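Number of protein chains: 2
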Amino acid sequence: MSLLNADKSELKNRYNELYDKFTAYKSLNLNLNMARGKPGKEQLELSNDILDESYLNGFVSCDGTELRNYGILDGIAECKKLFSEILRVNEDNIIIFGNSSLNIMYDYISQCMVFGAGEGPWAAQKNIKFLCPVPGYDRHFAILESFGIEMINIPINSDGPDMEMIEELVKDSSVKGIICVPMYSNPTGISFSRVTVERIAELKPAAKDFRVIWDNAYCVHHLSDDCDEFINVFDYAEKNGTEDYFIEVTSTSKISFPGSGVSALAASGNNIAAIKKRMTVQTIGYDKLNQMRHAAYFRNLEGIKTHMKKHAAIIKPKFDAVLKAFDENLSGKEIAEWTNPKGGYFISLDVVPGTAKRVVSLCKEAGVTLTGAGATFPYKADPDDKNIRIAPTFPGVDELKTAVDILCVCVEMAAIETVIN
Amino acid sequence: MSLLNADKSELKNRYNELYDKFTAYKSLNLNLNMARGKPGKEQLELSNDILDESYLNGFVSCDGTELRNYGILDGIAECKKLFSEILRVNEDNIIIFGNSSLNIMYDYISQCMVFGAGEGPWAAQKNIKFLCPVPGYDRHFAILESFGIEMINIPINSDGPDMEMIEELVKDSSVKGIICVPMYSNPTGISFSRVTVERIAELKPAAKDFRVIWDNAYCVHHLSDDCDEFINVFDYAEKNGTEDYFIEVTSTSKISFPGSGVSALAASGNNIAAIKKRMTVQTIGYDKLNQMRHAAYFRNLEGIKTHMKKHAAIIKPKFDAVLKAFDENLSGKEIAEWTNPKGGYFISLDVVPGTAKRVVSLCKEAGVTLTGAGATFPYKADPDDKNIRIAPTFPGVDELKTAVDILCVCVEMAAIETVIN
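The listed protein sequences derive, respectively, from chains B and G. Heads up: the first sequence begins at 1 in my numbering, then just goes up one per residue. Heads up: the second sequence begins at 1001 in my numbering, then just goes up one per residue.
If we strip away everything but chain B, and leave its shape as in the complex, we get (with noise of 0.2 angstroms):
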C-alpha cells in the first residue's frame, strides 16, 4: 500500500518525524557527493603501476615503430589488438584516440555536421533529429544540443529503448540517428537485450545518412560475475547490411585513470575511411607512449578482465549500500522506484513524479549533493520530474551511508509534502 493513502494526520506525524531527522542532518554541516560519476581514490591506486617505464617497451612497437616520434594515426598495432579483443571486431574496424571517447563523437557528429555521413553536410539540413533513450547521459545530450539537433525521448525499459516508437520514428527521414549506451546504461543500469540489439541493427531508417552512437563506455565494468553479456550489435549489422549506420566507442577512463586513458572507436569499413580521411587533417596522432602503456600493461581482454574485477571488489560494496538503504527505507511505500545494476556507474532512483527538483533541493540543504534532477533528460527537462541518477563510486562507504541515508529521509519528505501541502 502506498504511503501517500495513509491518513492526512498520520503523515504529517511521519513528516515531523523525518523533518526532525533533516534538522539533524543539516546541522552537522555535511559536504558529501552522490553526483559525480568517477572512481574514488582507492581505484585509482589499482593501476599506479602503468605509469612504470618497463611498459613503455623500450620504446618501440611491435612492427618496429618508434613511439616518441611522429607517425601512426590510427593507433599502435598492440592497442588496437587490444580493444578488437574488447569490443570483438578485427583490428582494421579500430581506431585509437586520445583520452576521450567524448571527444570521439563530439568530432563525429561535428564531422557529419560539417561534411556530412555520405548524404551531405547535416548543418545543411534543415531541422534534424536524434533519438534519445531517456534516461541517459547528460554530456550526449550536451553535444547533440550544441549543434542544434533535435532531440527526441524514447523510454528506456529493463531491456533497452521502446523499440516500437523507435522504429516507427525512423520513419522519419529528419531523424538522423539514436545516441545510447547499450551496457549498463547511464544512469538505469540496464543492458539492452539481445532481441534490442537485433531489432536496433534491423531498422530500416528513412535517413541513409543515419548513424547510431553506440557509446560502450562500460562494457567491461561488471558489478560481480553474475553480468550481462556483451553483445556485439556488428554482428547483427552485418547481416542486415548496416554496419553503417553504428559508431562504438568506448575507453579506459574507468578502467585505468580517467583523464590519462585511452579511447577507441569501432565501426565499418566505409566509415573508418571517411574518419581517418578527416584525421589525416586533424592531427598527425595521438600518445603512442599512452597507448602502450596500456597495451603492455593489460595485454589482453583477459588481463582486463583481472583488473576489472579489482575495481568491482571496491565498488560493488558501494552499490550495495545504496540499494539496502533504499530496501531499508523506500521499500513498500510506493514512493520511489529504482534500478539494480549488474554494472556501470549509476543507479537510478525514480522519486514520486513532480518532487524530483524538491528531493535534489532538500539534499543540498541537508548537505548531500546530487546530479541535478532533469540532467538525465534532453535540455535537463524531465517531463515527470521524478528522476535522479545516484553515483556511488567517488565517496568512501561510510560517507555514502550517510549520504544515501539524507537521500532517504528527503525522497519521503517530498513525496508527503504532495499530499499534506
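Simulated from the structure, these hints should not be mistaken for laboratory data. Note that the structure is predicted; figures quoted are calculated from it, not measured. Please note: incorrect hints may appear among the correct ones.
List of simulated lysine to aspartate or glutamate pairs, DMTMM-like, C-alpha gap at most 25 angstroms [as the list claims (entries may be wrong)]:
{"no.": "1", "chain 1": "G", "residue 1": "K1041", "chain 2": "B", "residue 2": "E150"}
{"no.": "2", "chain 1": "B", "residue 1": "K277", "chain 2": "G", "residue 2": "D1138"}
{"no.": "3", "chain 1": "B", "residue 1": "K277", "chain 2": "G", "residue 2": "E1045"}
{"no.": "4", "chain 1": "B", "residue 1": "K81", "chain 2": "B", "residue 2": "D92"}
{"no.": "5", "chain 1": "G", "residue 1": "K1342", "chain 2": "G", "residue 2": "E1045"}
{"no.": "6", "chain 1": "B", "residue 1": "K41", "chain 2": "G", "residue 2": "D1063"}
{"no.": "7", "chain 1": "B", "residue 1": "K386", "chain 2": "B", "residue 2": "D162"}
{"no.": "8", "chain 1": "G", "residue 1": "K1277", "chain 2": "B", "residue 2": "E150"}
{"no.": "9", "chain 1": "B", "residue 1": "K386", "chain 2": "B", "residue 2": "E66"}
{"no.": "10", "chain 1": "G", "residue 1": "K1041", "chain 2": "B", "residue 2": "D52"}
{"no.": "11", "chain 1": "B", "residue 1": "K126", "chain 2": "G", "residue 2": "E1119"}
{"no.": "12", "chain 1": "B", "residue 1": "K276", "chain 2": "G", "residue 2": "D1398"}
{"no.": "13", "chain 1": "G", "residue 1": "K1310", "chain 2": "G", "residue 2": "E1229"}
{"no.": "14", "chain 1": "G", "residue 1": "K1081", "chain 2": "G", "residue 2": "E1042"}
{"no.": "15", "chain 1": "B", "residue 1": "K277", "chain 2": "G", "residue 2": "E1150"}
{"no.": "16", "chain 1": "B", "residue 1": "K333", "chain 2": "B", "residue 2": "E10"}
{"no.": "17", "chain 1": "G", "residue 1": "K1309", "chain 2": "B", "residue 2": "E66"}
{"no.": "18", "chain 1": "B", "residue 1": "K239", "chain 2": "B", "residue 2": "E202"}
{"no.": "19", "chain 1": "B", "residue 1": "K171", "chain 2": "B", "residue 2": "E119"}
Among the chain G residues that face chain B by a calculated CB cut under 7 angstroms, a handful are [claimed, not checked]:
{"no.": "20", "residue": "A1035"}
{"no.": "21", "residue": "K1038"}
{"no.": "22", "residue": "L1044"}
{"no.": "23", "residue": "E1053"}
{"no.": "24", "residue": "L1102"}
{"no.": "25", "residue": "K1288"}
Glycine residues also receive a C-beta, built at the ideal position from the N, C-alpha and C atoms.
Could you slot chain G onto chain B? The hints should help.
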C-alpha cells in the same frame, strides 16, 4: 654569372659530368629522406627522463587537484604557468590541450565553420577566404582546404608576408583570416620582423570575425645564441584593440616527444571563453599526468631554454651540412636560392622556375626522398614550380651529407635541362 648563360656545348659537358655522378649514386640503391620535419633519434633520447614517475608529483597538482581522476578542463595550473612564460601572456589567457597543436587549429577552424567567431557560422557565409603566406606549411593548407575555405597566396619575404597585399585584401569582408608561422616559419625559417608583427596587429579587416592563426610552433627552437627575437603579437594587438583577432598555438612536440607532448593555445579573454564553452561539451579534460610531467620536468622558460640548447647542439650541424653543400655546389651559378634560418626545422630552397618537380623526381630516382614539390603552397600548386622544403633534422649527419650532395647534382641537372633540351 649564371651557369645557364654558358655555351651550350659547355653545358652539355657539364650535364654529362653530373649525369655520371647521378648514375653512380643511383647504383648505390640509397634510401635517404629529407622530407620529414621529425626530430632524429638522438633528440628523442634527450627527453627520456620526463617519463620518470618522480615528475608526476605524487599525482597531485599545486592546487591539490588529483591528476589521475576527471577534472580540470583547461589545464593544470603548473602547465598553464609554463606556457604563459613561453608565450608571454597571462595564465588566464592560456588553455592546455592534448598532444597536438594541429588538432587545436583544426578544431578552432571547425568551430568557426559551425558556430562562427561572433558573426554567425562561417559555413553559412559563402566563398570565405584565408590569406596564406607562401611558401608555408602544407598541413595548414590541408585544414583550410578540407573546410572549403579559399586560399590566397601571399608572398613571404625575409621580414614576413607582403603587408601591402594583406592590408589591401582584408578590405574584402569575405577574407576571414591569415594562417602563418611567425617565427622560424615553415619552410623558410624567417621570422616576422617587429614592424610586420605591428602591422598585422594594426590590420583593420572588413570582416568583424577575422582571425589570425598564429602558429608559434618554433618559438623556442633556436639553432644557436644568434637567434631571432620573440615578438609578442598580443602586446601590439592590445594597443590596437585587435586581440580578438589572434589565436596563438604552440606545443612541446619538438621539445619533448612528438605525439606525446602537450599543446597550448593563447588568446583574448573573449576567445578563451568561447573556446571553453565548446570544450565543455567536447571533453572532460586532457591528460593531466602528461601535463604534470612536462611542467615538473621543464619547470619554467629557463628550463625549456636549457633543454632547447641540447636540441640545437644536435641539429645545428645538420643545418650547417646542408648549407655548406649548397654553398659549395650551388652558389655563384644563379640556379638556386636558399634560406639560412636561425631556428626552426626547415631550409627553403628555390630552384630554377619550372624545375622543382623535376628535381624532386630526379632525387627520388637517386634514392633521396624530398617533400613533394608544391607541398608548400595551397592546393599543392606552386605557381612557379620552384620551391622545395628541406628537412635536415631526421637523418644522421653522414646520410644527410650524401643526400644533399645528390640534391645539388639534381638541382643543377634540372637547371641545365631547361636550356639544352
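| task | Kindly indicate which numbered hints from before are broken by the structure, ordering the numbers from low to high. | result | 1, 3, 9, 12, 14, 20
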